Amino acid sequence: MIEELEFRVLGRLTVTRGGEEVAIRATKHRVLLACLLVSPNTVVPVRRLIDRIWDGAPPEDARAVVHTYVSRLRATLGRTGLIETVPEGYRIHVEAQRLDLTRFRALVRDSAAENDLATSISLLRKALGEWTGLPLSDVESEELHRVEVARLDAEWSAANEKVVDFMIRSGRHGEVLPLLRYLVDESPLDERLRGQLMISLYRDSNQAEAVSSYHDLRERLGGEPGPALRGLYRGILRAEPSLLAPAAPDPETWWPACQLPSASGDLVGRASELATLTTDLAGSTALVTGPPGIGKTALAIHAAHGVKAAFPDGQLYADLTRERALPRFLRALGMLPGEMPAEKAWHSARYRGLLAGRRVLIVLDNATSIDQVLPVLPMSPGCAVIVTSRYELRGLTACRVRLGQLSTASSQELVDSVLRRRERSTAMSELIELCDGFPLALRIAASNADDESYVDRLRADLSALSVPGDEAADLPAVFSPSYEALSPDARHVLNTLANAHFSDFRAEQVAALVRTPVAPALDQLCDANLLQRTAADRFRLTSLVRRYALAFGR
Amino acid sequence: MQTIFRVLGPMEIARDGEPVALRPAKQRALLAVLLLRANVVVPVATLVDCLWEDVPPAGAKGAVQAYVMRMRQSIGDHGASLVKTRPDGYVLETAAENVDLHRFHILVTRAHTSREATERAATLREAVGLWRGPLLDDVGGAALRERIPDIPIHSEARLQAMEQCFDAELQLGGHEELLDELHSMTAEHPLRERFWGQLMIALYRAHRQQAALAAYDEVSRRLADELGIDTGAEIRALRDRIRDGDFPLAPQPPRASAVVPSQLPADPGELPGRAELVEEITELLVNPEERPTVPLVVLTGSPDGGRAQLAARIAHQARPAFPGGQLHATLRQGIDTASVLVGFLHALGVREEQVPPEPEERTALYRSLLATRRVLVMLDSVADPDQVRPLLPGDSGCAMLVTSENDLRGLTALHSARQFRVAPPR
Chain A
1 MIEELEFRVL GRLTVTRGGE EVAIRATKHR VLLACLLVSP NTVVPVRRLI
51 DRIWDGAPPE DARAVVHTYV SRLRATLGRT GLIETVPEGY RIHVEAQRLD
101 LTRFRALVRD SAAENDLATS ISLLRKALGE WTGLPLSDVE SEELHRVEVA
151 RLDAEWSAAN EKVVDFMIRS GRHGEVLPLL RYLVDESPLD ERLRGQLMIS
201 LYRDSNQAEA VSSYHDLRER LGGEPGPALR GLYRGILRAE PSLLAPAAPD
251 PETWWPACQL PSASGDLVGR ASELATLTTD LAGSTALVTG PPGIGKTALA
301 IHAAHGVKAA FPDGQLYADL TRERALPRFL RALGMLPGEM PAEKAWHSAR
351 YRGLLAGRRV LIVLDNATSI DQVLPVLPMS PGCAVIVTSR YELRGLTACR
401 VRLGQLSTAS SQELVDSVLR RRERSTAMSE LIELCDGFPL ALRIAASNAD
451 DESYVDRLRA DLSALSVPGD EAADLPAVFS PSYEALSPDA RHVLNTLANA
501 HFSDFRAEQV AALVRTPVAP ALDQLCDANL LQRTAADRFR LTSLVRRYAL
551 AFGR
Chain B
1001 MQTIFRVLGP MEIARDGEPV ALRPAKQRAL LAVLLLRANV VVPVATLVDC
1051 LWEDVPPAGA KGAVQAYVMR MRQSIGDHGA SLVKTRPDGY VLETAAENVD
1101 LHRFHILVTR AHTSREATER AATLREAVGL WRGPLLDDVG GAALRERIPD
1151 IPIHSEARLQ AMEQCFDAEL QLGGHEELLD ELHSMTAEHP LRERFWGQLM
1201 IALYRAHRQQ AALAAYDEVS RRLADELGID TGAEIRALRD RIRDGDFPLA
1251 PQPPRASAVV PSQLPADPGE LPGRAELVEE ITELLVNPEE RPTVPLVVLT
1301 GSPDGGRAQL AARIAHQARP AFPGGQLHAT LRQGIDTASV LVGFLHALGV
1351 REEQVPPEPE ERTALYRSLL ATRRVLVMLD SVADPDQVRP LLPGDSGCAM
1401 LVTSENDLRG LTALHSARQF RVAPPR
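Line order of the protein sequences matches chains A and B.
Going by this note's numbering, the first sequence opens with residue 1, and the numbers climb by one from there.
Going by this note's numbering, the second sequence opens with residue 1001, and the numbers climb by one from there.
Don't read these hints as lab results, they were simulated from the structure.
All of these numbers come straight from a predicted model, not from anything done at the bench.
Where is the CB? At the ideal position from N, CA and C, for every residue including glycine.
Do not take every clue at face value.
[As the list claims (entries may be wrong)] One side only, chain B facing chain A, incomplete, derived with CB under 10 angstroms:
| id | residue |
| --- | --- |
| 1 | D1049 |
| 2 | H1316 |
| 3 | Q1419 |
[To be verified] On the chain A side, residues computed to face chain B include the following (Cβ under 7 angstroms):
| id | residue |
| --- | --- |
| 4 | R103 |
| 5 | A106 |
| 6 | R109 |
| 7 | A113 |
| 8 | L117 |
| 9 | R181 |
| 10 | I199 |
| 11 | A228 |
| 12 | P241 |
[Unchecked claim] Simulated DEER-style distance windows between Cβ atoms:
| id | chain 1 | residue 1 | chain 2 | residue 2 | range |
| --- | --- | --- | --- | --- | --- |
| 13 | A | A248 | B | Q1171 | 14 to 20 angstroms |
| 14 | A | V86 | B | G1343 | 44 to 50 angstroms |
| 15 | A | T516 | B | R1421 | 49 to 55 angstroms |
With the hints as constraints, model all of the structure from the sequences given.
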């Protein structure tokens, strides 16, 4: 039985039969064979063979010469049917197992189909093990090296990049460092590789080298690298813990809860309120109140992000209009569903037990009644609670922060920050005036302001304070629950005030207009922050609330 | 007949157990380079670069050939069976086990695959023990050593193997025995925090808490003085735990790392005419102004305007700054955000049975996980702002990139998003 031929191209070009090398000495025969092998089982056009063999300077009868070379090669390799002649060119038939290139590609393909990173990594390493040197290093053809070998090199780089990426992603940064150092040495300007080296070094507690590696690149470039690398460098300089390899979630200990939503952008004109809210917060409850759309949530979230470092055991957040806080907080503190007390009355006790001795910040957003808040108060000196409510929640012992309308200057600043430019014009001044110092109105109006007719629409119709298709950015929709919750008497009083265009008035002025008892209605409106009591018997109605009542009141 | 080479320290050659002397400097340097890259063809050009400073003499190639011939004779490689001539250079062919450097790398790789701490420690100890001094200690002067490729890479690999070896030995309770070695390693390599961290642990476990804290002060002073940087997050956390007496005295099994998700669509590569826009938006995502808000960028425009491609390109450009991973989902009208959240939670390592049933609770858990990582979240074909909000991370270390056919200015109003309209490139 004739033993099968084995071919290698990922290194020196070699042909072996039964472990014995089959020598192919003629330079041009080697180029020919290499050309066929880098496109195994594929037709290679004669024109390409000519290009590679003579490097662009072929003799006149090149086609015939190629044919002669093929015949000689067939004779040397001694197997019929190996190199097939087809009308357009030649094709070499090699079983996938008998050529390093096809084995390499098959392993790379298998690794891509694999879900498990560890398996992918070992397949890729096996694939890279097929490389024994620079591909076809002993085949003399500039064209072949310029085109085909360059392509093979790219495949090698891509496989290496994948190994590096997978290793880092599975926390094996230490193991991959020698390879990475080598790759960066080879391509010192490749920013992606450089980033991978920097993060691996940082995670391997070698911050010093991570920093100097960045400096090295900066020196080579003679300027700053791209934004991503700059960001990474900045994070490394600040020694950010979020750059470390994330630990696998541990079902035993659960995660520290960090549930705060993102802050909504710059907080404008609230410096003193922010200071009141964040000073001596530990061990206490703070309540932020004010009319709908005045920026209570924004202030609370902003404050919470500002002080969260003082509450390392976690930050809990719940929007009480959407959910009940207690069961969710219990689970976030590590209680499993099976351990949940059947009696709801015990939930609060368990919750306080879990918080004992811990430092946790709790944010309860949009409370509508004190009953929603009381069961979630922690009673631990290291914990703190921030509650927001459009109602006054009388009876709740808390440090109170009442939010009012923004000044014109602050309103302008907020609009500038949404627009990201300074714009001073009559239209802009009117837009700001129409928003009446309500941050939500200002934000919505500013994001609509590109439309020239917008101020006219806003003047005519309060519904213009909305973004089509977005319920959260819709001022009337945000006002509506407050209005709907009013008693019929209070609603009637509010409608009457609006129709009379009152803005600053005394109770007796109202009493002259309505027949129902006025005092309880006014109390309710003040409680809901739709009216403000400016003195014992003086009230103020903001123009936005008045416009709402005029447009939507019943 | 077997020739053994040692390069981890002064160069040594042994032929069938007998030492072989190789004195001429150029021949030693030549052999050194071939040994470092054993079994790989070293191009003549590389050899020329290594052997001559700055400008090689005329006929350098011929000289290399002569050195090779003499070197073969010196080491008794008469049939050129070790150092082989190739059309493009020379290669030293030998079993990896016959060169201590390659044996070192084999051992380190083997240690990585062993799960047993005892075996790991022993294998790494053996690997580290192969080093008798600095790599190729007596080959050439400093100038020549600088030109030999790979020397720094192998030297780093040695330090790293030592770090891993100490880790494994600390794991086995060997803190007392390691103290001397750790003291000398921190003295020799004062900027490598890992050695310092190991020294702190060893001191603390030897009931010398004050000395452990003093070691921290020392490394933090060194880093500040010499590089102007602070200590890394890991060693700082270690200091805090040692200070608070909160670090376990007995060795603990190491915490497994979570697999970092990498879900981005394929990188479309350079987009003609878009380079500046890509750079600008990458900058917004990676280096936002100092504020607590999560950077959020929305690309709107019709699908044929290439917004998806642009977003993919930007995400890949920004990728190095988000080593915590990249999440991606395509939303479209009617796709439930809560189910997208489940996918994201799984990708972050949450198991099926740990996924909370309620959408709000999923968001809360998602934000908790993202708070300790730097993750880029990319959402394609978003229909309305409400699909985005539950997926918006809470911590400003993360960033979000959204594409949509619709105008999502609600996100600008409430979340300070930056919106870009993408028109087809001219």
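Q | Contradicted hints - numbers only | A | 1, 4, 5, 6 and 7
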